[in-house]
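So the sequence lines, in the order shown, correspond to chains A and B. Numbering-wise, numbering that gives the first Met the number 0 puts 283 at position 284 of the first sequence, and it's gapless, one number per residue. Numbering-wise, numbering that gives the first Met the number 0 puts 33 at position 34 of the second sequence, and it's gapless, one number per residue.
Take the hints with a grain of salt, since some may be wrong.
Unchecked claim - Taking lysine to aspartate or glutamate and the DMTMM-like style, the derived pairs with C-alpha atoms no more than 20 angstroms apart in a straight line are:
#, chain 1, residue 1, chain 2, residue 2
1, B, 314, A, 186
2, B, 17, B, 39
3, A, 256, B, 84
4, B, 378, A, 186
5, A, 236, B, 39
To be verified - A few chain A residues facing chain B, derived, Cβ under 7 angstroms:
#, residue
6, 63
7, 135
8, 221
9, 225
10, 255
11, 257
12, 272
13, 273
14, 305
15, 311
To be verified - Label pairs and their computed distance ranges (CB to CB):
#, chain 1, residue 1, chain 2, residue 2, range
16, A, 29, B, 73, 21 to 31 angstroms
17, B, 378, A, 174, 38 to 48 angstroms
18, B, 432, A, 5, 32 to 42 angstroms
19, B, 117, A, 69, 25 to 35 angstroms
20, A, 239, B, 390, 23 to 33 angstroms
21, B, 319, A, 186, 23 to 33 angstroms
22, A, 166, B, 401, 53 to 63 angstroms
23, A, 119, B, 115, 32 to 42 angstroms
24, B, 376, A, 200, 39 to 49 angstroms
25, A, 135, B, 432, 44 to 54 angstroms
26, A, 203, B, 376, 24 to 34 angstroms
27, B, 73, A, 77, 26 to 36 angstroms
28, B, 211, A, 186, 38 to 48 angstroms
29, B, 429, A, 186, 44 to 54 angstroms
The hints are simulated quantities; they were obtained by calculation from the structure and are not laboratory data. Note that the structure is a prediction, hence the values are computed from the model and not measured. Cβ coordinates follow ideal geometry from the N, Cα and C atoms, glycine included.
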Amino acid sequence: MGYDLHFGWTGTIGKVILGATPGEGGTRKTSYSIGGGTTLPFLELNPLLRAPLVALEICDDPEYWSPIIRNYCGDLVDDVDAWAKTAETVYGADLVRLYLTSTRQRNFSDIASVGKTIEAVLSATGLPLILEGSNEPRIDSEVFQRCGETAQGERLLLGTAEAGRYRSIAAAALAYNHSLIAQSPIDVNLAKQLNILLREIGVQREHIVIDPYTGALGYGFEYSYSAMERIRFSALKGDTDLSMPMICSAIDSLTIKEVREAEPSLQDEMAVQWEFYTGISGAAAGAEIICVRHPKTVMMLKNAFASLMKGAGFPEVN
Amino acid sequence: MALKALDIYKLLPKKNCKECGDPTCLTFAMKLAGGKADVDLCPYLDDQAKSVLGATTRPPIRLVKIGVGERSFATGEEFVLYRHDKTFYHPPGILFKISDLQTHEEITATTIRVRDETFTRIGSDLRFNGIAIENASGSPETFARAVATVEENADLPLVLMAKSTGALNAALVQVGSYQPLIHTATPENFREMCAVAKKHSCPMAIKAHGIDNLITLAKDCLAEGVKKLVMDLCPQSLGDYITTATAIRQLAITRAAPDLGYPVFMDATHPFLQDAAIALGIVKYASVIITPPLSPESSKAALTLRQNIYTDPQKPIQMNPGLYRVGTPGKDAPVLVTVNFSLTFFTLQGYLESSRVPCFMLIIDTEGLSVLTAVAAGKFNETLVRDSLKKFNVENEVAHKTLIIPGYSAPLSGRIEEATGWKVMVGPRDAAEIGEYLHEEWGKVPL
Ligand code: B12
Ligand code: SF4
């Protein structure tokens, strides 16, 4: 007897392409097409659909980054190119998500340095890049413009557009053919509204990745989990304003009480488990890019995703 | 298709004898109509009525209780595929697995750990649920001894995992009346297994690969008279687990395949993928999860995920608004305002307790929203603070008129001062800094 795992749905998750190889006009070693799903996560019968991607988050000014990461990575965090390279060669990430935290200093104005950082990171790693630009409306326009221009042809994923703040980022994405992250605070309707706003100013569906905002495990994760399920569900029922792939990043995971106050000898592992449980559940709810900060979480997630794909088995011990 | 309460009532014996646990046949009928009771609870129903009612009224997934006493847990009786459709009701029991080849000391240590370890989050005690004992030795005596060791140390729900009924019988001599789950009946051995389960009226796990085989096996066991079943899907990968578990949940709740209406058993003891299996079991429909003893880090993450996924999405866990005391505050003790979201309350309370400054917490009714969320939604506002001060009579509890508000509500400070006539101090954003703040700042306040 066959069982219909499509539950009668008609919608499809739209596709978004991240990164561009030399043949595609960029310089990345690989590019990814995400989306394309026609049912709930991990129920797909189509063997061509890929496992969720795992992005390692790094930054160009680690002052405000979690000390847990500095302890684990050492001086690497002071050298953003080496960090990006290690993400690829040692930590096994699929993507690098670079936060331009240097722009968050008071009265930041050295826009040229942004361009240099991006160039350096692009040459250090062959992975497609997610780029988190400014966090400050005053400099948004210049920063995003510079990001877009410097990485022209690379099909970046630019972050992060929000309801009150999306024009500069959309302009940079449109001008240089990048995609963008559209973030709304844990609410299906707000996610939909933002997508409509973006579409009205010309951003195409195939250039939007939804970030429904992920509260850390124990700190609002259940809301995020359900928001993701509902977005996926609406998309499958045919709502094209919600039918974009999703990204999940529980950035608060490293600052919550359980992690921060863990005994020093357990802290690393606590951080990893917290990111891991959040990431895998986020993927089960429909996210296709899972972002983490602790390097050890990367391969744990990738191994788990491998066992979730069609035709996989359980690893053997010997 | 669902029957109405009155249609059901017509088929009941109308004795109003209360033996079903309900005061009248009519209230029992109403429960049946809501899928909240099992027809078998009425001993006087004739077979014809039973067959009409059985399939349509019992909960789409049967309730199966494992263990007895305080730590026993219920599984099943779930109604939805997504938690946002309503809620998930019965969090999966997570049991630590041991083998009868382990030493007496090891078995004792794991048992005591499950018995005693508690992780308190937002006012609830989170715990693992029991012990699964595997008959790895193959010997009934060794198995019985291991089960006895567990039993000497704790009254925990058990899963008895053995291939032979001989081993099960040897263990059940000691624990047969405590409702352990016996694992596992297969298409090859189900008759003997059913005989064992029936003798002790324990719940039983059945194991087969693929939905059709599970249906056949469940029917066979039911025909043998065993109703308290859980299903081990013996998946070949995590993907296979999710696919099968989702299909089963869907087919069961829509009653398209009523023979699949039993809780799901998940063996998470896969090398390298234990945490992945546990997390997926929690979010995707497992009711009984067995795993080797977890590290402290995995333990907290797993128990927190389970708590999150099984909270009712319609109502965040809330506190009653009011004036709460930390220690025994006097007339000059500080008053701290916060919201009635439990997570916020317990986080702040924890830090206040460790600061050892006796104080009052004024909990205002933000309908369960956190500070930042409530401020963003306009639910944390000066009128609410003013009314709460009055309602909970704060003026008579303290001899000063100074309030400390959360750092995240700083933009409201002026308006709160105006509306209440109280002086407002803006506390830190992060509750972890509250102790230091109170020690430094409260002494300076002229009272
Ligand atoms: C889960 C969540 C939700 C849940 C609600 C959960 C709940 N029960 O509140 C849902 C999905 C419903 C939700 C909705 C909304 N949310 Co919301 N949500 C969150 C999230 C992810 C976590 C909140 C949380 O649980 N925090 C944990 C608790 C413990 O924090 P807390 O209450 O602030 O307490 C801490 C401190 O304030 C302090 N403290 C507490 N009390 C006191 C008292 C004193 C005296 C002191 C000194 C300190 C102190 O101690 C605690 C620990 O440090 C946050 C993001 C985040 N990381 O904070 C966004 C967030 C708060 N939400 C946000 C928004 C905008 C909204 C909405 C308004 C969106 C919308 N337009 O619909 C709605 C409003 C709700 C409504 N009904 O209209 C924004 C707020 C933006 C801002 N800066 O103002 C945030 C920051 C997300 C974001 N970045 O966009 N949200
Ligand atoms: S046990 Fe049967 S006959 Fe007695 S009250 Fe309940 S439904 Fe009525």
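Checklist line | Interface hint status, residue 135 of chain A versus chain B (Cβ within 7 angstroms) | finding: violated, 19 angstroms
Notebook entry, point to check: Are residue 256 of chain A and residue 84 of chain B close enough, with their CA atoms no more than 20 angstroms apart?
Noted result: violated, 31 angstroms
Margin query: Taking the Cβ atom of residue 432 of chain B and the Cβ atom of residue 5 of chain A, is their distance within the range 32 to 42 angstroms?
Written below: Since the Cβ atoms of residue 432 of chain B and residue 5 of chain A sit about 51 angstroms apart, the hinted range of 32 to 42 angstroms is violated.
Item checked: Range hint 23 to 33 angstroms (beta carbons of residue 239 of chain A and residue 390 of chain B) holds or violated -> violated, 49 angstroms
Item checked: Range hint 23 to 33 angstroms (beta carbons of residue 319 of chain B and residue 186 of chain A) holds or violated -> holds, 27 angstroms
Check: Regarding the pair residue 378 of chain B and residue 186 of chain A, is the alpha-carbon distance no greater than 20 angstroms?
Finding: Distance ~17 angstroms between residue 378 of chain B and residue 186 of chain A Cα, so the pair holds.
Checklist line | chain B contact restraint for residue 221 of chain A - C-beta distance below 7 angstroms | finding: This interface hint holds because 4 angstroms falls under the 7 angstroms limit.
Next item on the list: Please test the hint of 21 to 31 angstroms on the beta carbon pair from residue 29 of chain A and residue 73 of chain B.
Entry: violated, 49 angstroms
Note to self: Taking the Cβ atom of residue 117 of chain B and the Cβ atom of residue 69 of chain A, is their distance within the range 25 to 35 angstroms?
What the structure shows: holds, 33 angstroms
Next item on the list: Go ahead and decide if the range 32 to 42 angstroms is satisfied by the Cβ distance of residue 119 of chain A to residue 115 of chain B.
Entry: violated, 53 angstroms
Checklist line | Assessment of proposed distance window 44 to 54 angstroms (beta carbons of residue 429 of chain B, residue 186 of chain A) | finding: violated, 25 angstroms
Notebook entry, point to check: Taking the CB of residue 211 of chain B and the CB of residue 186 of chain A, does the distance hold inside 38 to 48 angstroms?
Noted result: holds, 41 angstroms
Figure legend: structure checked against the earlier numbered hints; hints not met, in rising order: 3, 5, 6, 7, 10, 14, 16, 18, 20, 22, 23, 24, 25, 27, 29.
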